[in-house]
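2 protein chains.
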Amino acid sequence: MSLDTAASKPHEALAGLLADDMDAVNELIETRMASEHAPRIPEVTAHLVGAGGKRLRPMLTLAAARLCGYDGPYHVHLAATVEFIHTATLLHDDVVDESDKRRGRPTANLLWDNKSSVLVGDYLFSRSFQLMTETNNIDVLRILSNASATIAEGEVLQLTAATDLRTDESVYLQVVRGKTAALFSAATEVGGVIAEANAADIQALFDYGDALGIAFQIADDLLDYQGDSNQTGKNVGDDFRERKLTLPVIKAVAQATSEERDFWVRTIEKGRQDDGDLDHALALMAKYGTLSATRDDALVWAERAKSAISSLPAHEIRDLLSDIADYVVARLN
Amino acid sequence: MSLDTAASKPHEALAGLLADDMDAVNELIETRMASEHAPRIPEVTAHLVGAGGKRLRPMLTLAAARLCGYDGPYHVHLAATVEFIHTATLLHDDVVDESDKRRGRPTANLLWDNKSSVLVGDYLFSRSFQLMTETNNIDVLRILSNASATIAEGEVLQLTAATDLRTDESVYLQVVRGKTAALFSAATEVGGVIAEANAADIQALFDYGDALGIAFQIADDLLDYQGDSNQTGKNVGDDFRERKLTLPVIKAVAQATSEERDFWVRTIEKGRQDDGDLDHALALMAKYGTLSATRDDALVWAERAKSAISSLPAHEIRDLLSDIADYVVARLN
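As they're listed, the protein sequences go chains A and B.
When we follow the numbering used here, the leftmost residue of the first sequence carries the number 1, and every step to the right adds one.
When we follow the numbering used here, the leftmost residue of the second sequence carries the number 334, and every step to the right adds one.
Hints listed in this document are in silico derivations from the structure and should not be mistaken for laboratory results.
Incorrect hints may have been included.
Heads up, simulated SDA-like pairs for lysine to any residue below, C-alpha to C-alpha not over 25 angstroms straight-line [said to hold, decoys possible]:
1. Lys-244/A <-> Asp-557/B
2. Lys-577/B <-> His-37/A
3. Lys-577/B <-> Thr-267/A
4. Lys-287/A <-> Arg-241/A
5. Lys-270/A <-> Asp-446/B
6. Lys-244/A <-> Asp-277/A
7. Lys-387/B <-> Val-569/B
8. Lys-9/A <-> Asp-296/A
9. Lys-603/B <-> His-37/A
10. Lys-54/A <-> Asp-277/A
11. Lys-244/A <-> Pro-375/B
12. Lys-244/A <-> Asp-353/B
13. Lys-270/A <-> Pro-372/B
14. Lys-244/A <-> Thr-267/A
15. Lys-577/B <-> Asp-534/B
16. Lys-244/A <-> Glu-369/B
17. Lys-244/A <-> Asp-446/B
18. Lys-387/B <-> Glu-369/B
Selected chain A positions facing chain B (in silico; Cβ < 7 angstroms) [stated by the list, open to error]:
19. Lys-115
20. Ile-138
21. Asp-139
22. Glu-155
23. Leu-157
24. Leu-291
25. Ser-292
26. Ala-293
27. Ser-310
28. Ser-311
Ideal Cβ positions, reconstructed from N, Cα and C, are used throughout, including at glycine.
So here's chain A without its partners, still in its complex pose (with noise of 0.2 angstroms):
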């Protein structure tokens, strides 16, 4: 990678700027999944957390605590433990998921088996509420606890809204703020509760951490249906085949014609799938325009990110986050 390139993604910036809690963070989340007594923890979770990723999540908390001028040493716990739960959330997607699917890379359940992508999953969530509790900071306890319940329920809840056509933009919201962007905002918030910053910073850095995971949800979503296989690890139209009912399929239902709704009822709701497929929902979503409806709403999330936390005082921090929320939508074409 160019040094150019390097300079103009500014989640890399902020790992710069933070390369010491972020060393720290990666110490001790290679410590905690660690098991005296079971091997096998360490290989599956190396697979995943080995691999890397850009650890967006853990680094919004430490930007966070740092932006609020913390100097204790808690905010690479939260970090730790925001990790930890994502990747949990990770291996359980795969079992979810099943093993025909495998995004850029063999999943673990495919590697070793589903039971131990659960338990080892269990793990590590049960790790992570470990590390949150060596706070002692009963807040963080609470945000952490009641987003790890509202992911739980975004996944449940997506299970049976994924394939129903009666999903509307509303239920898709919920879901993704579910799924994706209670992680995002307890991320940050927690990064202000620890640095014990006033109520409307700590408000501020919710609504970022908010709007930014329902832009990159989006974002993500819409990439599926348009997006290059080689920069995403996922085939085009992976969800149409796994059924799954996005942002841009739901404007297009909501807008068919009795003829094209047959077609959804077939294709999403019966599953059942031919050859063109997904060419013939390519072209309806391209008839209403949906992909680009698509990416003006995700537009639309990463200005309320960046708008959210305009009112916090000036810092170099503040304004790569403004520049993540950008470049979290500059992707789209």
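On the provided structure of chain A, position chain B as indicated by the hints.
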């Protein structure tokens, strides 16, 4: 059920004594397992939580708190927390054990699907952490989050240890302490902690729960080979068919001739089982008297449980806890 039978069951006597508290726990469980947004959640949990069972674990928490003179409201939250953790574990166990096993009744993953079992289990875990957070007591949070991690670790250890003939009695004990005793001992310990009992009494309660949980699990594993399937809801030899090394087999493997060892390698490690293998396994256990040796071990742990609380002040509840330890092993021949 006749009055006479009821009177002979100490957990029913204890439930009677704690009836108001148990009602409060049941009401709290009902309220908190609801979900405004995802109706699938109460469907799945009602199946499990509604199935009732003895509610032994939450009762232990209530009993410990009352025994230590607690008169606040939070033992109810802690008891519900313990039951939620237990129920979440059951849901995930059903996924792990796969659907060809049914116990007394259809498992949730047969009635719904693995996805629901995994995600609703996660929801209950999160709810349990919310509940315990409401006590504002960081000590019980620490104890219960540690217990959760120990449970998950024990379950993962069992994945690899169960079919490994090198698993000896000490590894078995570690698995049992994890998957079963950790929640029993946390249940009794937090009852003492919330009541602000002295350190010695809290330790006694912990030791009681630990030993009771071990006695309980050894008895369960023994009944798998000699139980009445009408009573246990399981078929004799389920553990053998599922290639789960438990104490009766571990003791037989330890004394096996080279030919017998080949039998165990084939049936447990390699999982190649034919008609008549269960009978042969039972014959080998009879040859070495491992069923009665396993029963003796269960009796020793029940005695340890009783002895642990003998130092506590005389109290009707203490005597019933003692009787429960006897009862857990009284069902063994």
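Against the structure, the hints come out as follows:
1. Straight-line distance between C-alpha atoms of Lys-244/A and Asp-557/B comes to about 43 angstroms, which puts the hinted pair past the 25 angstroms bound.
2. For the hint pairing Lys-577/B with His-37/A, the CA-to-CA distance comes to about 18 angstroms; that is within 25 angstroms, so the pair holds.
3. A distance of roughly 43 angstroms separates the Cα atoms of Lys-577/B and Thr-267/A; the hinted pair therefore is violated under the 25 angstroms criterion.
4. For the proposed pair Lys-287/A and Arg-241/A, the alpha carbon gap of about 20 angstroms is at most 25 angstroms, so the pair holds.
5. At roughly 17 angstroms between alpha-carbon atoms, Lys-270/A and Asp-446/B fall within 25 angstroms of each other, so this suggested pair holds.
6. Proposed proximity of Lys-244/A and Asp-277/A is supported: the alpha carbons are some 14 angstroms apart, at most 25 angstroms.
7. Of the pairs offered as hints, the one joining Lys-387/B and Val-569/B holds, with about 22 angstroms between alpha carbons and a cut-off of 25 angstroms not exceeded.
8. Taken as a hint, the Lys-9/A and Asp-296/A pair is honoured in the structure, with Cα atoms around 22 angstroms apart against an allowance of 25 angstroms.
9. Under the criterion of a C-alpha separation no larger than 25 angstroms, the hint pairing Lys-603/B with His-37/A is consistent with the structure, at around 23 angstroms.
10. For the given pair, Lys-54/A sits about 34 angstroms from Asp-277/A by alpha-carbon distance, which is inconsistent with the 25 angstroms threshold.
11. Distance hint between Lys-244/A and Pro-375/B is fulfilled; the C-alpha atoms sit about 23 angstroms from each other, no more than 25 angstroms.
12. For the hint pairing Lys-244/A with Asp-353/B, the CA-to-CA distance comes to about 46 angstroms; that exceeds 25 angstroms, so the pair is violated.
13. Pair hint Lys-270/A plus Pro-372/B holds up; C-alpha atoms about 21 angstroms apart against a cutoff of 25 angstroms.
14. Proposed proximity of Lys-244/A and Thr-267/A is supported: the alpha carbons are some 10 angstroms apart, at most 25 angstroms.
15. Restraint check for Lys-577/B and Asp-534/B: the C-alpha separation of about 36 angstroms exceeds 25 angstroms, so the hint is violated.
16. For the given pair, Lys-244/A sits about 22 angstroms from Glu-369/B by alpha-carbon distance, which is consistent with the 25 angstroms threshold.
17. At roughly 17 angstroms between alpha-carbon atoms, Lys-244/A and Asp-446/B fall within 25 angstroms of each other, so this suggested pair holds.
18. With a CA separation close to 28 angstroms, the supplied pair Lys-387/B and Glu-369/B exceeds the 25 angstroms bound.
19. Taking 7 angstroms as the C-beta contact cut-off toward chain B, the hint placing Lys-115/A at the interface holds, the least distance being around 4 angstroms.
20. A least Cβ separation of about 6 angstroms between Ile-138/A and chain B falls short of the 7 angstroms threshold, and the interface hint therefore holds.
21. The beta carbon of Asp-139/A is not positioned within 7 angstroms of any beta carbon in chain B (closest approach about 10 angstroms), and the interface hint is therefore violated.
22. The closest approach between the C-beta of Glu-155/A and any C-beta of chain B is roughly 5 angstroms, which is under the 7 angstroms cut-off, so the hint is satisfied.
23. A least Cβ separation of about 4 angstroms between Leu-157/A and chain B falls short of the 7 angstroms threshold, and the interface hint therefore holds.
24. With 7 angstroms as the threshold, the beta carbon of Leu-291/A stays out of range of chain B, its nearest partner Cβ sitting at about 28 angstroms, so the hint is violated.
25. Evaluation of the Ser-292/A hint against chain B yields a violated restraint, the C-beta minimum of about 30 angstroms exceeding 7 angstroms.
26. The interface hint given for Ala-293/A is broken, as the beta carbon of that residue sits about 25 angstroms from the closest beta carbon of chain B, more than 7 angstroms.
27. Hint status for Ser-310/A relative to chain B: violated, with the closest Cβ pair at about 31 angstroms, above 7 angstroms.
28. At a threshold of 7 angstroms, the smallest CB-CB gap from Ser-311/A to chain B is about 29 angstroms, leaving the interface hint violated.
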